[in-house]
Structure formats: structure tokens, C-alpha cells
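Could you slot chain C onto chain S? The hints should help.
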Amino acid sequence: MVDVLEQLGYEVEFRPAQTCCAQPAFNSGFHDQARPVAEHFLDVFSDAETIIVPSGSCTSMIKHHYAELFANDPKNLARVDSIVPRVWEFSQFLLNSADLDKLSPRFPHKVTYHDSCHALRELKLKDAPRLLLKRVQDLELVEMEAAEECCGFGGTFSVKFAQISGAMARTKVDSILQTGATHVVSLDSSCLMQLRGALSRGGHNIEIVHLAEVLASRK
Amino acid sequence: MSAPDPAIRTTLADANLQLAIYTNTGRFKDNRSKAVSPETLPEYQDLRTRAAEIKQHTLDFLDVYLLQLEAAVNANGGKVIWAQTGEEAADFVLQLAKEKGANVIVKSKSMTSEEIHLNERLIHHELDAVETDLGEYILQLAGQRPYHIVAPAIHMTRHDVADIFEEKLGVAHDTVIENQAMTARRVLREKFLQAGIGITGANFLLADSGAVVIVENEGNARLSHSAPKIHIAIAGIEKLIPRMRDLAVFLDLLGRSASGQPLTSYTSIVSGPRRAGELDGPEEFYIVLLDAGRTKLLADVEKRESLRCIRCAACLNTCPVYRKIGGHNYPWVYSGPIGKVITPQFKGNEKDPWLPFASSLCGACAEVCPVKIDLPGILLKLRHEAKPDPKDTRVFGLWSWLMRRPAMYSLAAKIGLSWLGRQPNGWLNKVPWPANSPSGPLTAWLSERDFPAPPPKPFRELWVERKVKERKK
Chain S
0 MVDVLEQLGY EVEFRPAQTC CAQPAFNSGF HDQARPVAEH FLDVFSDAET IIVPSGSCTS
60 MIKHHYAELF ANDPKNLARV DSIVPRVWEF SQFLLNSADL DKLSPRFPHK VTYHDSCHAL
120 RELKLKDAPR LLLKRVQDLE LVEMEAAEEC CGFGGTFSVK FAQISGAMAR TKVDSILQTG
180 ATHVVSLDSS CLMQLRGALS RGGHNIEIVH LAEVLASRK
Chain C
0 MSAPDPAIRT TLADANLQLA IYTNTGRFKD NRSKAVSPET LPEYQDLRTR AAEIKQHTLD
60 FLDVYLLQLE AAVNANGGKV IWAQTGEEAA DFVLQLAKEK GANVIVKSKS MTSEEIHLNE
120 RLIHHELDAV ETDLGEYILQ LAGQRPYHIV APAIHMTRHD VADIFEEKLG VAHDTVIENQ
180 AMTARRVLRE KFLQAGIGIT GANFLLADSG AVVIVENEGN ARLSHSAPKI HIAIAGIEKL
240 IPRMRDLAVF LDLLGRSASG QPLTSYTSIV SGPRRAGELD GPEEFYIVLL DAGRTKLLAD
300 VEKRESLRCI RCAACLNTCP VYRKIGGHNY PWVYSGPIGK VITPQFKGNE KDPWLPFASS
360 LCGACAEVCP VKIDLPGILL KLRHEAKPDP KDTRVFGLWS WLMRRPAMYS LAAKIGLSWL
420 GRQPNGWLNK VPWPANSPSG PLTAWLSERD FPAPPPKPFR ELWVERKVKE RKK
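Protein sequence lines correspond, in order, to chains S and C. For the first sequence, position 100 (counting from the first letter as 1) is numbered 99 according to numbering that gives the first Met the number 0, and the numbering increases by one without interruption. For the second sequence, position 80 (counting from the first letter as 1) is numbered 79 according to numbering that gives the first Met the number 0, and the numbering increases by one without interruption.
One chain only, chain S, in its complex shape (with noise of 0.2 angstroms):
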């Protein structure tokens, strides 16, 4: 993401001080312990002129739910709803803001593109992806049935629920198979654990790629 970023023209800066967007809390409704985690991001890029986020869950997770986590805490929300607008799924913001004839990616493979849920329902990323993906030369992007269903990750669903996870993650599995694609490119990076491991488990040698890696790629 930093070689793409930097391609085209953008100071990149990495914040060390910068830890999680505080979601595997919130979703498992302990916002008592996710609250200082969500306040700890807000420490740390309050003042950053456009935050690039390389995950479509983080991204939905800072941009629809931290208003909710501080509607009892004005100077909070003030917080919220100044950096809400300069806070951008990686994608999202390629797609909205940059010049995009800087890049030219060379990703000579059969890549299928797995939507992952929050990227798709929350922020309604469903064509910036793909429209990304088209624009890699030599890249040839083939349709899953069901690129739409959930992977099974789902946070700590995960390993709460781990035969039902798993079970979603085969059925996914299936569907990439049936492709042909030796690569699949998704925006998140526990879509992409969940099915990496679920590849693997399998047996099948299929490479797991976040989009940023083949926008980076020239080989």
C-alpha cells in the first residue's frame, strides 16, 4: 500500500504509536473496553491530513460506529465527526482521489475478486475493486459464483462458532475452486486468514492476495 501510495505522488506517514480501531471489542458489545481503544486512534491520527486504511471492516468500523460508541461524550464525537470524513478505505480512496494513470501494475495471473461484507454493505465498495483490478495489465478477472457470500470469518465468530465458520469458508472455497483462478484478491485482511487457512486445510494452492499487493505488483 506505501509503494502504491507513494507512486502516485502521496508523503506517506506510519503512525508507531497506532494499534486497532477497537472493533473485535465493540462487535462482542464490551464498549466499555472499546471505548479507550477507539479514543487511543483518535490520539493518534486527529491531526493526520487523510487516513488510508487498508481494511474495509476498520474503515466501516472508525466511519458508522464510532459515533456510536461516544454519543454520551461530546468532545469525543467532535473528535468523530471532524476525522469521519478524512478517513478512507484503501480503494475507496484510489478510486475517488488519485491520478491514476501514475500506476501501471503488471499482475500476469487468473485473479478472482472475493468482496469482503463490510466493504461491500457498509461502504458500498462493490465496484471500486473491480473497476481497480481491470486496470492491471496482463490480469485476467474471472467471477466466483457467490462473490458476495460471507467468508465465515466474522471476528471472534470465528472461534466461537468454529464448525459454522468453517463450514462457510469450504462452501467459499468451492466457489473459488470452480474459477480456475490461481489468485484471490479481497480489501481485508482476516477474509484473507480465513480463507488462506481454509485453502490450506484443503490442500489447494491457490495464492491469497490483498488488493494493495497487486496494485504494487510489476513483475
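These are calculated hints, taken from the structure and not from any lab test. All figures in this text were calculated on a predicted structure; none of them were measured in a lab. For glycine and all other residues, C-beta sits at the position ideal for the given N, C-alpha and C. Among the clues, some could well be false.
Stated by the list, open to error - Sample of chain C residues facing chain S (criterion: CB under 10 angstroms; computed from the structure):
| id | residue |
| --- | --- |
| 1 | Ile-122 |
| 2 | Ala-357 |
| 3 | Arg-404 |
Stated by the list, open to error - Output of the computed footprint for chain S on chain C, the stretches with three or more beta carbons under 8 angstroms from beta carbons of chain S:
| id | stretch |
| --- | --- |
| 4 | 79 to 93 |
| 5 | 362 to 374 |
| 6 | 442 to 455 |
Using the frame of chain S, we list chain C on its own:
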């Protein structure tokens, strides 16, 4: 908090059942998406918005509309019965059956009656209460509850039905679906002719006209409310919409969302008993309005929208969890995402505390809901309201502490990842620590998939190296 693991495992391991659930829900899902596509129904999103607004408005002013409905029903010559509980609703039917000497009762499909176990109560008092919807009839014979809100026997094959009919009806084993339907039709036709009371549910209640609206595909509901001398419609108070003219919005959405049908085969609007000069219809008409926990949901402004549900089951058909675990692993008659959302609100979050957590929060359900219920949002609220598991409280307490200490966090991440990644099945995983105890998260993860090897270096280190290199240039 533990899910009914063994039962879910059994469902997941049953290849035929898995195929039946996945294929049948898949067919509904595909039909729905064709029926509401921009090419077929360009106004679909506007209809959803309108339907959600009408339902929400009705709920917000339900007291007014309920009384309006009662007045209109009275004016039509019918009667409204107010039932606070399922027992009260059943008692009314029992009392009336006794008074009128009605021993045979025909029933059309109604989730509300399933919810209050009406059949069981009637049969317990030696009444012959018969389901007349084909799927429900099969389930009644088999002694099962509905597997699905719209297609109750979605999990059964024609071979299952042949077995049940042979055993319960004493007919020859026949796996031809048309013959099975004819068998049911023959038995049920007799029941329709004998029945003193017909019971239906209601898809909608129209406050301004005092009418019950019933949609169906088999014609059994129409027979149930027109053949017997008495028609009783049992409905939850949330089934109301204000006016007859609001109905079009819902008829446009219900069939399409449920099965992809622009309209179901039969749509009946029943407003009262037979009037002087009319040739058919019942002599007596009752609407039993059921609370059974609904006013409790109504009082909760944040989650009140759960009552907007029109029971189309689109959320079930699209839910990747329902499509794996099926209907009977949910604790109540309402399964799928809507079941997950309303069961804890009706029954209390303590009874099956795992329920709101058994979701990947993918949000596919909310996307297809014709009345725009924020199903994942309500699940999050229910998770927040749940009594926390002490173990989770400790874990998230520690997590919260760590996430505010970047140096500790990066150290912990480095150590944790090298452990997990390099040695998932190796010696480190044999050293006991909480994550790989039999109930630990690592064990759970590895039971289903591998743990991907982490990158050789964390990003933080790569970043520092990159900056050092840049400075040297």
C-alpha cells in the same frame, strides 16, 4: 455461552440435509434477486423505504390504529378478541369450539399460531386440529416444527414425505410428488367439509377497513376461512397497517421477497362475516389480537423496528449461517437472522445467550429485508446488552489495556505471531497456554483451518528499515 454444538455438528455432517437446505434456499434467493432487480422492478428501493416508513409509523402509533381496527371490525359484524398470552388465545378457541360443538378445526399456515403452540393446545383438549398447508401438514404428521418461516418443510425430500405418509396415513409408499399432493388433498378435503371452525393467520390487518389479508399459493387458506361456519384469524398486534391503500406496497414486496413471485397465487382480503344476501363466507368472524411479548418490544424504542417484520424469510434464504445450520438449531420457531433478533427480545437474552453471537455480521440479511430492519445493528445491540461472560470480560480487559500501549502491543504481536505462525502444530502448541487449551481460540481455529504463516518481519520493522534506507540515499 455455548451453542448447541452437537446438534449443529450433526446438521453440518448430514450431506443430504446440507444439499437440501443450500439448494432450496438458493433457489428462493436467486428468484428473489431476479424479481427485485432494477430491470424487473425499478421502484424496488423506493418500495422498501415506503414499506419501512409505513410499518414504523404504524408501530409508533399502534394504540390508535388498534382501536381503529376494532371499531371497523365491529362495524363489519365481526369481533376482536384481545389475548395477552398464547394461553388466552387458545382458551378463546377452545371455549368457542366447545360452545359450537366444533370438533374438527382446519388451520392454514400461521407462524403466530406456531409461536403459541396452538395445535398442541387444541389437540390436548381432544380437538381434531389439522394443518392444511401441505408443508405444515407433513410436519404435523411428522411431529416437527417448521424448519423455515415460508417453506416449513424445506429440509425434507420426497422420499422423507413418502415414508411419513406411509407410516401415518397408511397409504402405499409413493415418491411421486404429484401423487403425494393428491393424497394430502383427499384427506384434507374431508376435513374442510367437516370443520366447524377455520383458523388462519394474517399477513396484514387493515385498520381502516377492519380486514384481514392472507396471501398463499395453495388455496387452503381461502378454504379455511370460507368453508367452515366460523373464521378465526389469529395475528400479532404488529401485523397492522393503517389503510387498504397502503397494502399495494406490501403486496409488491412480500411475494417477491419470499419466493420471487410478483404476487402469490391467492390474495384474500376478508372483512367480516357473510352479509345478508351473500352466498358464501363464514357466519362468524373473529380476529384474535395477540400480544405475547410484543408490547415489551414496542416499549424499546431502539429495537422496536424488529416488529416491522412481514415474515418473508428473505433473510433466512440469504443468511450463510442459516444455510449451514438450518432451522431446527435455532431455539424458537422463528429461525434465521430475524429469529436471532426477536427470540432474545421475546424470551429474554439469558435463555439462549449464544444466539446473537452466532453471526459473522456479514449484513446480507439487512440488504434483502423488504422493511429495512437493521438486523446486524440490532444483533450488536443485543450483544452489548448481554450479560458478559467473565472469561470474555477478562480477555477484552487485557486487550483494551494492551491496545493503548503501542510498545507493549508491538512486542506482544511479534511474539504472538511468531508462536502462532511458526509452530501451529509443533512443539510450542504442545506447551499448555490458554489459547490452545481444548476450549481455547487457537484450538477452535485449527479444528477447521490452518493458521497462515506470518510474514518474516512485522510491518513496523519493515517501515523502520525503509526509512533508514531512504535517509541513506
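If you check each hint against the structure, which ones fail? Violated: hints 1, 4.
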